[in-house]
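Q: Here is what each chain is made of, one letter per residue.
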Amino acid sequence: MTILLVFISAAIVNNLVLAYFLGICPFLGVSKRLDTAVNMGLATTFVMTLAAVITWLINNLILIPYNLPFLQNVSYIITIASLVQLVEMFIRKTSPTLYRSLGIFLPLIVTNCAILGLTLFAALKEYSFMESLFYGIGGGAGFTLALVIMAGIREELEFADVPKSLQGAPMTLLIAGMLSLAFMGFAGLLSV
Amino acid sequence: MNHSIKMLLTLTVTAVVMGGVLAGFYKFVEPKIEENRLIEEKLAIMAVVDGIVDYEIIEVEIEGKKGPEILQLFRGVDGEGKLVGYAFLAKGPGFAGIISMMVGLKVDLKHLSGMKVLEQIETPGLGNKIVEEKFDGQFRGLAIEPKIEYIKNKKPFKPNQIQAITGATISCVAVVDALNNRIVIVLDVIANLESGGK
Amino acid sequence: MASSSIKKGLTYEFKKGLWTENAVIKLLLGMCPALAVSNSATNGLAMGLASTFVVMSASTFVSIIRRIVPKEVRIPTYIVIIAGFVTLADLFLKAYFPPISKSLGPYVPLIVVNCMIMGRAEFFASKHTIPPSLADALGTGLGFTWVLVLMGAIREVLGSGAIFGYVFMGEDVFTPWVVMILPAGAFITLGLLIGFINFATSRKSSKGACS
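In order, the protein sequences belong to chains A, B and C.
Quick note on our numbering: the first sequence kicks off at 293 and runs consecutively.
Quick note on our numbering: the second sequence kicks off at 82 and runs consecutively.
Quick note on our numbering: the third sequence kicks off at 3 and runs consecutively.
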């Protein structure tokens, strides 16, 4: 039950992009077309889930027992960077097709603050192992959802007459504001 | 071969140097951070217990959700050493993260003497209003029996009721739930202490 | 000649970060902290200064070791360096400015993934000597700071009728637009700000071309 709540909270109510402003760079950069948005979302979800699990292990098996909280930041970011590298090598070896569609996004994921943010928030909320796992999956799902909605809107927007000064990033930010307002409506969904 | 050794070496050296610098700096600022925490804790205890001049810390081992944990009970006394109330920490999951607070309990063990939120990362402008006097002031003199209740958009009419902040019900409910859960445990601990003392 | 070009370069490297290559409004880097902690002018200032410290230290450090680090491992090395300095800044705030550390919350550690800092290390400091790297980092940092303070001020004035925590419009005179301090307000403020700046600069440049 708690696991379901954690998932919904991460995916919808406390959406990483729209409520915590994490992962804005890819959100602005890769949301022009629907298919790239889906691929980017899936790649991020994959890395995010792994990262949530591994950083939980690091935090609870190394950092907390040996009282090394000041290494949290450094160790988490190294974990994420090497994880992305590993995933890239693994995908390239096993599935060239998948690599072709996801490959170019992988390096971008390292500097996606959504992943580091998610792992830090999970530590802050003192989640258990299973909760962290589902927080990772939920966070990834939420990121994908925001990206896909935005890409859908932007594809339609191509036919709209946007004032020249607002074209591109400003318009995307304004739409994100509206989406964020809309997502606030989900707040009542949870009473945790 | 030579090149990969150089790569490994660079990374290792960077990581070790940075780790060393951080460890050193942490050792240097740790006492200061701990001191800040203690000052904050002390101010909070002084604020939530009426007529308090000094307090002693009692540590009791209790059965927590994730195995045994230490519960700190602050026993407040006045200038003559007479018991004026208790203070304890309570925490629970809020809307965005963990909310932790200092709670004051009157000697009659039936009313709160105050509540102060210590840590929260609730939504600015809505949820974080739980730190304001308008909200936490409601806990002064609040009855805890049978348990604390909240009410929306209306003035509280029972002695054990508080009014939730409009638009931030989740944060308020989180505070009330955390308090109710903790109060049960703390009352139990106090009952044990008193009977053990006599 | 070399020295004169460096001299001219230094002012240039510093100034470009303030406006023409401003990280947030022109390059769209470092958006996450710009949106997240600009709910008050004080928070914006603190976040801006902390980021300035990190970008300056990291750029200096990267510039020093730029010849030693093998190309393949430069990104991980830079990340470790940046993460180190961020943790230093985090611990410093915790120890000496606890209220600020509290209100910035988990966003201080997130300076690590501020692409602005990585960007300066990768595209500038790794190719230049220390003085220009430092000037570039200082300009970038301060450019980031003023945008954050401006956004924080706009959102604080409209969202809570206050500036730098000082309430000048009580709730009886002015009903605060709560939406401005909420996440949605951040997106809208930044979107309109960039739009307005685009509008102003395009008018200025077209005017200049006419006359």
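Hints should not be assumed to be uniformly reliable.
Anything over 12 Å on all C-beta distances counts as not near chain B; from chain C, calculated [what the hints assert, rightly or not]:
1. L47
2. F87
3. L144
In silico PhoX-like cross-links for lysine-lysine, where the CA-CA straight-line distance does not exceed 25 Å [said to hold, decoys possible]:
4. C/K28 - A/K417
5. C/K206 - B/K123
6. B/K197 - C/K104
Note that these hints are calculated values from the structure, not bench results.
Here a beta-carbon is modelled for each residue, glycine too, at the ideal position from N, C-alpha and C.
Q: Of the hints stated earlier, which fail here?
A: Hints 2, 4 and 5 are the ones this structure does not satisfy, whereas the remaining hints hold.
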